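Visitor: Keeping their order, the protein sequence lines are chains A and B.
The end of the first sequence is residue 368 by my numbering, with every number in the run present.
The end of the second sequence is residue 1295 by my numbering, with every number in the run present.
Treat the hints as calculated values from the structure; they're not laboratory data.
Hints may contain errors.
Think about it this way: if two alpha-carbon atoms lie no more than 25 Å apart in a straight line, the pair counts; the simulated DMTMM-like pairs of lysine to aspartate or glutamate are [to be verified]:
1) A:181 x B:1066
2) A:181 x B:1156
3) A:181 x B:380
4) A:188 x B:1242
5) A:188 x B:500
6) B:1153 x A:226
7) A:188 x B:374
8) B:401 x B:380
9) A:188 x B:1156
10) A:188 x B:503
11) A:181 x B:1242
12) A:181 x B:1092
13) A:346 x A:278
Okay, the calculated beta carbon distance ranges per label pair [said to hold, decoys possible]:
14) B:1153 x A:250: 19 to 29 Å
15) B:1157 x A:256: 25 to 35 Å
16) A:146 x B:1097: 20 to 30 Å
17) A:225 x B:536: 36 to 46 Å
Covered stretches of chain A (chain B as the covering partner; in silico rule of three or more C-beta atoms under 8 Å from a C-beta of chain B) [unchecked claim]:
18) 111 to 121
19) 144 to 152
20) 174 to 187
21) 213 to 219
22) 289 to 299
Just so we're clear, the structure is a prediction, and the values are computed from it rather than from any experiment.
C-beta: ideal position from N, C-alpha, C; glycine also.
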Amino acid sequence: MTVEIRGEGRCCEDHGERMPVRSEGNRRHRKRGHQVSLLVVMAHFDIHQELRPHTLRALTNYSAEAERVVVVSTSGIDSFEGELPTNVEVVKRNNFGYDFYSYKWGLDVAGDLGQYSQILICNDTFVGPTVPLAEIIDSSQARAVDVMGMTYSHHHGGHVQSFFMLVNGYVAGSKAFRRFWKDLEPVSDRMAVIQRYEVGFSRAMAAAGFSLGSYFQPTEEEEALARRRYRWLTTHRLDLKNPNKVIAEVQKFNLDGKSWNPAAAYADRVLDADRLPLLKFDTLRFDPYALGAESLLEACISRAPEQFRDVKNFLESTAENYPVRPGEVNIPVTREELRKQRVGYLMDDATVAGSSGEVNYA
Amino acid sequence: MREQVVRVLVLVGSTLFALSVMAIMTGAYWAMPVLAGAFAQMALVIQTQFWVRARQLLAELRTRVRRETARASGQKTSGMTTPRQSQRKAWGAAAVGAVLWGADVAFSLTGWHGAAWAGVAGLWLLVVVVQLRSHGSLRRRIRSIARPSQSVAESRSEDAQLAGTEPSAIGIGIEDSRSPGEPDVGRTPAAGQGSSGNVGKTSRLRRRPPQRPSDGGNLRDYDEVVRKILESGVFSMEAYRSRLVASGADSPNDGELISHFLSNATDDSVVPVDYSKFADGVTIGSLKETVRAAENDHAEMARRYEPLIGASDVPTSSPELDNAVEEFSRSGEAPLVSVVLPTWNRAPLLPAAVASVQRQSYASWELLIVDDGSLDDTESVVTSMAARDERIRYIQLPHRGVSHARNQGLLEARGEFVAFLDSDKEWDPEFLRTMVAVLVTQGHDVAFAACEVTIGGETVLRAVAPTAESLKIGNSVDQTAIVASRHAITAAGAFDESLRRAVDYDLVVKLSSVADMYQVPFIGLRYSEADSDPNRISEFESKAWNFYVADRQAWMEFESSAAPQLGQDVATVILDNVGSAGQAQSIMDGILDDDLPFSTEFIIIPRSHDVVLRAQCRALEFSVAEVRVLNVGYRGDRPSYINEALRQARGDRTLILDVGTEPTLHDGGLQELNQALEDAAVVHPVVLGRTLVVEDAGVVYPRNGHDPVSLLTRMPADSLGPDQTISVPGAPFPLMARTRDLHDVRGLSTQLAGLWADVDLSQKLAERTNKPVRTVAALKVRTERPGWAGRSNRHPDDVRTFREMWPTPPVGTDQALAAVDVDAVYSGYTAQSFPGDPTRWTEAHWMPASTIVTEPPRAMRWAIRTGAPASRDAANWGDYHYANSLADALRRAGQYVHVDFQENALRGTTGFEDVVVNLRGLRDVPIPGDATSILWIISHPEEISAKELEKYDLRYAASMSWARTAAEQWGLAVEPLLQCTDAHRFFPPNEQIPALADQALMVGNSRRQYRPAAWHAAHAGVPLSIWGKDWESQVPEEVIAGETLPNEELARYYSSAKWVLNDHWPQMRDEGFISNRIFDVLAAGGRLVTDDVVGLEEVFGDQLAVFASPRELLQILDRDPEEFYPRQVREELSAMVREQHSFDARARRLVDDVRRVRAARQTEQMVTHDD
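Using the sequences and the hints, build the whole thing.
Guide: Right under this line is the structure:
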């Protein structure tokens, strides 16, 4: 019923027995005087059941550091563009419960979570990480907290964003972590998943006493920019019920807080020395903040072709499967407007100064 | 703004003046009334503005005064006391003036000059009236501020009243709402002493901020107090009449005699007294001296309490402190401070507490987090912190209580200084630097900072240094605000692990005995007391432990000094709870009138700290008898007062009387009481009620219960022979005992705030001396009302404490009943079932002896309580079917059994049963007063508290792991008794249902909730039949076979299905509550697939198909069931379950255990004192 596809293209029926997994790559088994072992659980879904290059790059990156990589696919992967590393195993399951249920499924496959000193839980909704995984999991940010997201959203009371979450061994071995995943129910509503599980995970870990944080640490200037970008969104996002109005005209937004989505608001930091070393496809596909995502992609392809060269094809080939979601339609903006307001991607002082100017993506 | 107004007024005034001059000069007399009216109107406006402002200022002043006073007396006030209505009234006069002036103008313009001048006169009259009224109003307001407000005065008298009966929060200082030094680390069932009892929440007291005892010690009118003293019995009408007759003066009416005497009295006037009772030469002056002495007593008590009240002023840093910090910083010294932080199941709070240590500007510290056996993620959280900060150390212990945890922390401490922190508190970042600077530079051993506590929205500052006297009453120092040298801590000794509460108080007392407690003028921590965790010590343990710490210290001091000389021919009579001196005098007269062969000293304990009452009582010191008056405090902890009196007693025997009951000694008998003491531990008269029927003749205990029940209540007064003396298990006040014995048992147990403190005392004395408690019928005492130690709802915590102190009631009930030739039939419920409702507690009805059989011959009567309603819905309650199966099994075991619906838990006939079984699902039930009680927790363990467990004689849980955990965490014996199956219904059937051979089967209701076994099987396309309700929203309709399956068919279905699915609610699974379906399916020979409920392996080994995840479930369902359950395995499992896990097996176990418990009580009852 459940099929596992392991590295080197081996497939097998899964009857519960676990095949020995031994890393032969550049995995670290001993560091800083204690056992270090990383488990990566990745949720995968590809509408065309393909293993995309960016996914393969990510898996290769993960496998270099991980003891074990479990990919839980709700679509299956019928074609291989490259060979999976030996410590990567692919488990297929029926498509329900979004990526969180894939996370659960993968953690169930992994078994005793307490044996790992770190667990990375992620999905395939982004390009990256654009840096070696070791830089992230060994970072001072990772050491400073128990649960580290790539980004930390202050929305809904604060939570680590669930597309990339790293927990340390103390969390991995905790009752709260085990209980959270054990009792996860398959939920079919996207917003319910966000509320109950994305936000709920952070809440559950914080309630257990663990500390939360993020790899990407925005500066004050970046937060100010994000605030401007969020304000920009509210004045350019059309209201679902009153399409002739923008949402700022219909409802009141707290512009003093930090309600923005950091994955979108800081998306261009991927080009700021990889400080935010990934870029969400949602950002590229929908440009949710109307900040010039197309230009950002061009700049990314220009500056980091090895990471981004296939992305355009991927977006185009799957575009019809990802229509703009109701309520997420923005007023078209021109680059001049963005430049005038200095809110567009790669238009602030830091990225302009850090880049070779707008010429790269103009 | 104010200057502008003045400028405008000056301008307007000048203009008016100029216009008036012009009008005079130009002869425009028509304008004169207009201008004169304008002047008046202007005066009116100025005047109104002035008075309104003055009223506002006075109102603010009054509000502040009221707030301060109310805060001191524990009341809440809010808002200003300036009514807007009052302002509107004030401006109303100006408005009237404006109207008058308008009319004035109109009259002038229309030539009605007479009317215009009349209007002017009216205006000026208005000005005068407003002036007079405002002046009077302001004077009244000023006076009302100067004198205590009515509400406070009322509260004062209420306090005085309460003080007689209730330990109020007054003067408990820091223990007012919780023990500040006692962290969240929970109770200390440590010593394994089962903690218990439902503590009725004294929320009214708990949420009150520290209270300042009401002022009232300063009496302005001595003459009035002297009059009250005279009225209380000192004044003898006969003596005064004689005096008047002798002097030839007319004698007024009785009611006017005292006034007559006082009208001509001077300080030297000798008060006419009954010279058989009072000493000669009592003068008005001497009585005034008495009043003055009472005032001084009051002032002294206020002084002692002062540190416990708290402070309102924020301590300001002193140059001395600044210099100390600066000097210390310059010196570069950095002695290590060990911070001991005990914790128990509070991982979520730890990060903030730890962060407050990490934020300290002083970095030389080590933080020892002592885990008192937490079950949550404390270990993971703390070890993670420790990995990031090497100054943090994690010490893991089995659960033994906060004091043990602190002691272990101290053993591990390496610092030169020690500080204590709780997981729900945070320090100021400068706390450690400031404290260490003071300790190092000024050479102190112990220092403490102030702390700011928010209680019920109000902030209380605890910033007053304790005194030697205040420490004898309560604690004013927050333990977490203390930093002390390690050698001072060591010298003070370890934390007392026997204390359930007030450990911080005990520490402060000990520290103060080895070093000066230096107060640093600095707020070191701030916290809120909003936490209502039921496991917090302050929520769980009685506040009376504070009284105990104070009293224990007093006894230790008493015992460390030379033993007092006790006069062999002297009896001490303690008159406690004296509400009026006349009452005390009347009792004294009654006792003195009895021709006793010994002399008597009286120690009077006034009901309250009321200064007039005290003055009246002190006037009794002029009595011919030896009288002393105890200076009582503010909080009404009567057991402590009596113990103080006991320490002062100088007679070799002591009689303790609760004067609050208004006792009247009947027919002498004191001599007989005294004689009966010769071969008794303590003696007690027969107490009669107002209608002269027996109130009590001692107490007895139900054969299987725990609550003391007054013997012979409501029986005729002659139920005991006139000279009969009987032995009883215990007795309430009045009690007479040898003073030395009373000292040996350290008097009343102050862990009890009131309830049954007297009964406990008598039982302690009997236990200590191995002599009986005796009731002496020769002395009868009539009372008007119950005493403070009797049944009431004032001290619900005491119910539990008393049960803990006397887990097995003392023997002697059968002998007592036999002696008075009655049998008892008990009704009502245990006090622990309703701690706050004494009307429901165990009562007895008396029957002539031998009319009832004391113990049923064999079969016992059982009542099984269920949560099922008395309706058709009961059929939907699993517990109800479970109860009926158990009832059937018990009947097969020869017992009489009844299953009660939820509504019948309080049926009046409940005393009929010998055994009550609470099949605990969602509801607790009360326990009859004379039944053996059983709690069997079969579900919803999260609803269970230690207090509930403590109420039962036998406790079972349908989980091995939960039973173990409860025993470890709460120190209470809980036996595992798993759910089971009805072996008469579930056994391998002869016939199978072929249609199910390739299907998985799920039987149970969904309750519209996600149930993983069925959900995943259904959505993965596994052939499946589901029987049960509310599955429509969860699984495809085609797998739902029906709503109900006949019970008699279940076994066949279970046996026939390819797989039988089962899962548990997550909490039940994690807590190890194995569902009865597992037993049913296996007994029926079914092929079970179940989730990984904790403890399954302990029961079944690895024989079952168990899934830990949906993935594993699907993998199992994909396999051949015979791999798990070949026929032989199924047969063995079925036989084992039917043998070991049937209702019959459980019934046998219950009957055996109940018989054992009842037999043990019987054996205890048969042990008698050697009379």
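Visitor: Run every hint past the structure and note whether it holds.
Guide: Each hint tested on the structure:
For the proposed pair residue 181 of chain A and residue 1066 of chain B, the alpha carbon gap of about 17 Å is at most 25 Å, so the pair holds. A hinted pair counts as satisfied when its Cα atoms are at most 25 Å apart, and residue 181 of chain A with residue 1156 of chain B does not qualify at roughly 33 Å. A hinted pair counts as satisfied when its Cα atoms are at most 25 Å apart, and residue 181 of chain A with residue 380 of chain B does not qualify at roughly 82 Å. A threshold of 25 Å between alpha carbons decides the hint, and for residue 188 of chain A with residue 1242 of chain B the separation of about 21 Å falls inside it, so the pair holds.
With a C-alpha separation of about 16 Å, the suggested pair residue 188 of chain A and residue 500 of chain B falls inside the 25 Å cut-off, and the hint holds. A hinted pair counts as satisfied when its Cα atoms are at most 25 Å apart, and residue 1153 of chain B with residue 226 of chain A does not qualify at roughly 56 Å. Taking the CA atoms of residue 188 of chain A and residue 374 of chain B, the gap is about 99 Å. The hint is violated against a cut of 25 Å. The suggested pairing of residue 401 of chain B with residue 380 of chain B holds, with an alpha-carbon distance near 23 Å, which does not exceed 25 Å.
Of the supplied pair hints, the one linking residue 188 of chain A and residue 1156 of chain B holds, its CA atoms being roughly 24 Å apart against a limit of 25 Å. Distance check on the hinted pair: residue 188 of chain A and residue 503 of chain B sit about 20 Å apart at the alpha-carbon level, within 25 Å; holds. Simply put, residue 181 of chain A and residue 1242 of chain B have alpha-carbon atoms about 30 Å apart, too far for the 25 Å limit, and the pair is violated. A distance of roughly 19 Å separates the Cα atoms of residue 181 of chain A and residue 1092 of chain B; the hinted pair therefore holds under the 25 Å criterion.
Of the supplied pair hints, the one linking residue 346 of chain A and residue 278 of chain A holds, its CA atoms being roughly 22 Å apart against a limit of 25 Å. A hinted range of 19 to 29 Å is violated for the C-beta pair residue 1153 of chain B and residue 250 of chain A, which are about 49 Å apart. A hinted range of 25 to 35 Å for the beta carbons of residue 1157 of chain B and residue 256 of chain A is consistent with their spacing of about 33 Å. Against the hinted window of 20 to 30 Å, the Cβ-Cβ separation of residue 146 of chain A and residue 1097 of chain B comes to about 51 Å, which falls outside the hint.
Checking the proposed 36 to 46 Å range against residue 225 of chain A and residue 536 of chain B shows it holds: the Cβ atoms sit about 42 Å from each other. Only residues whose beta carbon comes within less than 8 Å of a beta carbon in chain B count, and the region 111 to 121 of chain A has 3; three or more means the coverage holds. Remark: the region 144 to 152 of chain A is confirmed as covered by chain B, as 3 of its residues place a Cβ nearer than 8 Å to a Cβ of that chain, reaching the required three. Counting residues of the region 174 to 187 of chain A whose beta carbon lies closer than 8 Å to any beta carbon of chain B gives 8, which meets the minimum of three for the stated coverage.
Coverage of the region 213 to 219 of chain A by chain B holds [criterion: at least 3 residues with CB-CB distance below 8 Å; count 5]. Residues of the region 289 to 299 of chain A lying with their CB closer than 8 Å to a CB of chain B number 0, which falls below the three-residue condition for coverage.
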